[in-house]
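Participant: Using the sequences and the accompanying hints, generate a full structural model.
Below, each chain spelled out in residue letters.
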Amino acid sequence: MKATPKQYAQTLFESVRNVSKEEASKILDNFSKVLVENNQVSQLEKILSYFSNIWNKENNILEAEIITARELNADDLISIKKFAIERAGGKEIDIKVIVDKQLKGGFVVRLGDEIFDSSLKNRIASLKQALNN
Amino acid sequence: MSTTKDFIVEELKQKISDHKIEIKKQTFGKVIQVGDGIARVSGLSTAMMSEMLEFKTSKGSVFGVALNLEEDSVGVIILGSCETIKEGDEVICLERILEVPVGEEVVGRVLNPLGQPVDGKEEIKSGKFNPIEKIAPGVITRESVSEPIQTGIKAVDSMIPIGKGQRELIIGDRQIGKTALAIDTIINQKGKSVKCVYVAIGQKESKIANIVAKLQEAGAMEYTTIILAGASDPASMTYIAPYTGTAMAEYFLEKGEDSLIVYDDLSKHAVAYREISLLLRRPPGREAYPGDVFYLHSRLLERSCKLNKDFGGGSITALPIIETQAGDVSAYIPTNVISITDGQIYLEPDLFYQGNRPAVNAGLSVSRVGSAAQIKAMKKVAGKMRLEAAQYRELAAFAQFGSDLDKETQLKLERGKRITEVFKQGQYAPLAVELQAAIFYAAINGFLDNVPVEKITEFEQGVLEQIESRSKKYVAEVNDTGDFSEEGEGELKTIINDYKATLDYLIKEEKKESVSA
Chain A
1 MKATPKQYAQ
11 TLFESVRNVS
21 KEEASKILDN
31 FSKVLVENNQ
41 VSQLEKILSY
51 FSNIWNKENN
61 ILEAEIITAR
71 ELNADDLISI
81 KKFAIERAGG
91 KEIDIKVIVD
101 KQLKGGFVVR
111 LGDEIFDSSL
121 KNRIASLKQA
131 LNN
Chain B
1 MSTTKDFIVE
11 ELKQKISDHK
21 IEIKKQTFGK
31 VIQVGDGIAR
41 VSGLSTAMMS
51 EMLEFKTSKG
61 SVFGVALNLE
71 EDSVGVIILG
81 SCETIKEGDE
91 VICLERILEV
101 PVGEEVVGRV
111 LNPLGQPVDG
121 KEEIKSGKFN
131 PIEKIAPGVI
141 TRESVSEPIQ
151 TGIKAVDSMI
161 PIGKGQRELI
171 IGDRQIGKTA
181 LAIDTIINQK
191 GKSVKCVYVA
201 IGQKESKIAN
211 IVAKLQEAGA
221 MEYTTIILAG
231 ASDPASMTYI
241 APYTGTAMAE
251 YFLEKGEDSL
261 IVYDDLSKHA
271 VAYREISLLL
281 RRPPGREAYP
291 GDVFYLHSRL
301 LERSCKLNKD
311 FGGGSITALP
321 IIETQAGDVS
331 AYIPTNVISI
341 TDGQIYLEPD
351 LFYQGNRPAV
361 NAGLSVSRVG
371 SAAQIKAMKK
381 VAGKMRLEAA
391 QYRELAAFAQ
401 FGSDLDKETQ
411 LKLERGKRIT
421 EVFKQGQYAP
431 LAVELQAAIF
441 YAAINGFLDN
451 VPVEKITEFE
461 QGVLEQIESR
471 SKKYVAEVND
481 TGDFSEEGEG
491 ELKTIINDYK
501 ATLDYLIKEE
511 KKESVSA
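Line by line, the protein sequences are chains A and B. Read left to right, the first sequence gives residues 1 to 133 (the working numbering). Read left to right, the second sequence gives residues 1 to 517 (the working numbering).
Since the hints were derived computationally from the structure, they do not count as laboratory data. Computed from a prediction, not measured in an experiment: that's the story for all the values here. Take these hints with a grain of salt, some might be off.
Calculated pairs, EDC-like style, for lysine to aspartate or glutamate (alpha carbon to alpha carbon, straight line, at most 16 Å) [what the hints assert, rightly or not]:
(1) Lys57/A <-> Glu71/B
(2) Lys25/B <-> Glu114/A
(3) Lys379/B <-> Asp483/B
(4) Lys376/B <-> Glu489/B
(5) Lys128/A <-> Glu22/B
(6) Lys30/B <-> Glu54/B
(7) Lys91/A <-> Glu114/A
(8) Lys25/B <-> Glu23/A
Facilitator: What follows is the structure in structure tokens.
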């Protein structure tokens with residue numbers, strides 16, 4: 001039976017946990033050979049996404065995205081980051097900052113699978129709905 | 001002029017300044033896979049069972065319901081078209097269960113399973129909503145079935161009486177009058193303050209257009225709601241349709257009113273649920289139905305009940321319909337629903353093609369509530385008639401072998417033939433209960449014995465017209481007390497005899513013979 005991408009990811013995670021960089025690169029060599037032998041290279045993307053999920057879960061890391069309408073100055077960014085850390089409930093967070101002009105203004109914070117939407121786009125939509133009713 | 005303008009401007013300003021925007025925490029996920037009306041969504045860690053989800057697509061929002069909660073994904077049925085949903089689209093939990101609008105406003109309308117109009121009229125703006133899934137009323141709130149609900153069909157009201165709050169299955173092959181029976185029952189509720197809901201599950205829309213036209217013609221749309229999940233609607237719509245219908249009927253139940261709900265038909269509902277379940281990769285069981293197909297129907301039909309006085313005394317009477325394949329009642333879904341309901345009306349193709357319409361098979365049809373759901377007048381005549389009809393069926397099978405029969409048997413056969421004839425009834429022609437009792441009275445007391453079998457229908461029509469126009473005592477008595485006294489009986493006898501005296505087609509010689517013998 002073929003192993004699923006999830007099983008590959010789990011195995012990979014367990015074999016590279018708590019090993020040095022040199023050892024890890026050796027393991028990765030072997031892992032890629034196994035993938036090629038088993039004709040599973042096409043599954044690599046899925047395996048990596050599962051791997052990153054498992055890694056984050058085991059190491060208590062939350063992925064966070066801060067999406068803003070334009071580039072923010074440092075102070076604003078820090079206060080938004082603070083908000084995200086508060087909400088993360090003691091977990092470490094791995095923050096990415098993205099600029100998306102479609103938001104028109106404000107910001108959106110994504111934390112794991114939670115979303116805090118304070119964008120102008122969302123506010124306009126909500127006002128539109130309130131006036132319609 | 002200017003005041004109204006100022007007023008509007010001020011009002012708008014006020015509204016905009018009153019509108020507060022709070023940053024709400026929402027749970028989101030991403031579509032992994034979509035197709036066949038089903039989507040698999042990652043994330044959504046806080047999603048609840050049967051919670052509403054919103055798909056944010058490039059062309060506006062589409063709604064769905066979470067049905068499978070798995071370790072790292074959620075299986076969702078999509079309510080609406082899934083063409084606009086793409087892989088990677090964002091999905092948000094709405095933190096509420098699927099609800100539909102209910103209230104007086106839905107009466108007289110044709111709605112889809114989400115409560116949106118499909119009859120081209122305005123949106124339902126009742127402001128009241130009921131969740132489509134609700135736990136059935138508990139033991140404390142219930143009462144046993146005691147009041148009759150009149151179907152207006154002679155064969156049903158006399159032999160298989162249905163009470164308010166009962167669940168009576170209508171079962172039979174295709175094209176033998178299952179829907180007709182249910183529609184006649186709805187038509188007969190006119191003026192009886194019973195709200196009706198007709199749930200069309202996977203039906204042809206042309207058939208529904210016909211039904212709506214017929215109900216309008218009969219004036220029955222004034223108290224009827226139609227929930228339509230057509231044959232072209234996705235399986236998810238078909239799946240929720242009966243629950244939507246029940247949610248609307250429950251509004252009247254809570255108000256202490258009586259309602260009648262027809263599910264036409266539950267075999268298609270089971271098929272739609274099977275489709276959804278297989279697409280969600282739930283393991284198939286017997287006939288490929290999922291393991292919880294019994295619960296699917298039991299939780300639906302359990303919501304039909306009669307509440308006691310302390311809880312308003314409302315009721316929901318359910319008439320689920322099941323279509324069998326070539327008369328096979330022992331298939332999976334028919335046996336399930338038979339065991340859930342309080343009895344069944346079995347329609348038989350043989351009877352139908354012999355011309356006995358409605359083709360009710362009296363032997364296989366039962367009502368577990370029994371004569372508790374009959375008025376006294378009907379009880380008086382129906383008991384004897386049911387017995388005579390049963391004896392006739394037995395004798396008729398036996399009498400096919402020989403013609404040399406004794407007088408008594410021949411009399412029974414003749415009587416039976418006439419009773420069978422009395423049971424025949426046209427479509428869209430429900431009959432009031434007092435008139436039903438009258439014709440049955442005539443049948444069991446031998447008033448029909450000298451009317452030729454082929455003239456029974458004509459005779460019945462004539463005599464009922466006479467009773468309607470001439471009776472003072474009998475009709476009033478039955479309507480007021482549900483029973484008739486000796487006086488009423490006497491009056492009935494006189495009217496029947498008077499009418500018979502005017503006829504020229506009665507059998508005369510036979511009567512003399514039987515007297516001399």
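Participant: Taking the hints in turn, state whether each one holds.
Facilitator: Checked hints:
no., hint, verdict
1, Lys57/A <-> Glu71/B, "holds, 14 Å"
2, Lys25/B <-> Glu114/A, "holds, 7 Å"
3, Lys379/B <-> Asp483/B, "holds, 9 Å"
4, Lys376/B <-> Glu489/B, "holds, 13 Å"
5, Lys128/A <-> Glu22/B, "holds, 15 Å"
6, Lys30/B <-> Glu54/B, "holds, 11 Å"
7, Lys91/A <-> Glu114/A, "holds, 14 Å"
8, Lys25/B <-> Glu23/A, "violated, 42 Å"
Violated hint: 8 only; the structure is consistent with all others.
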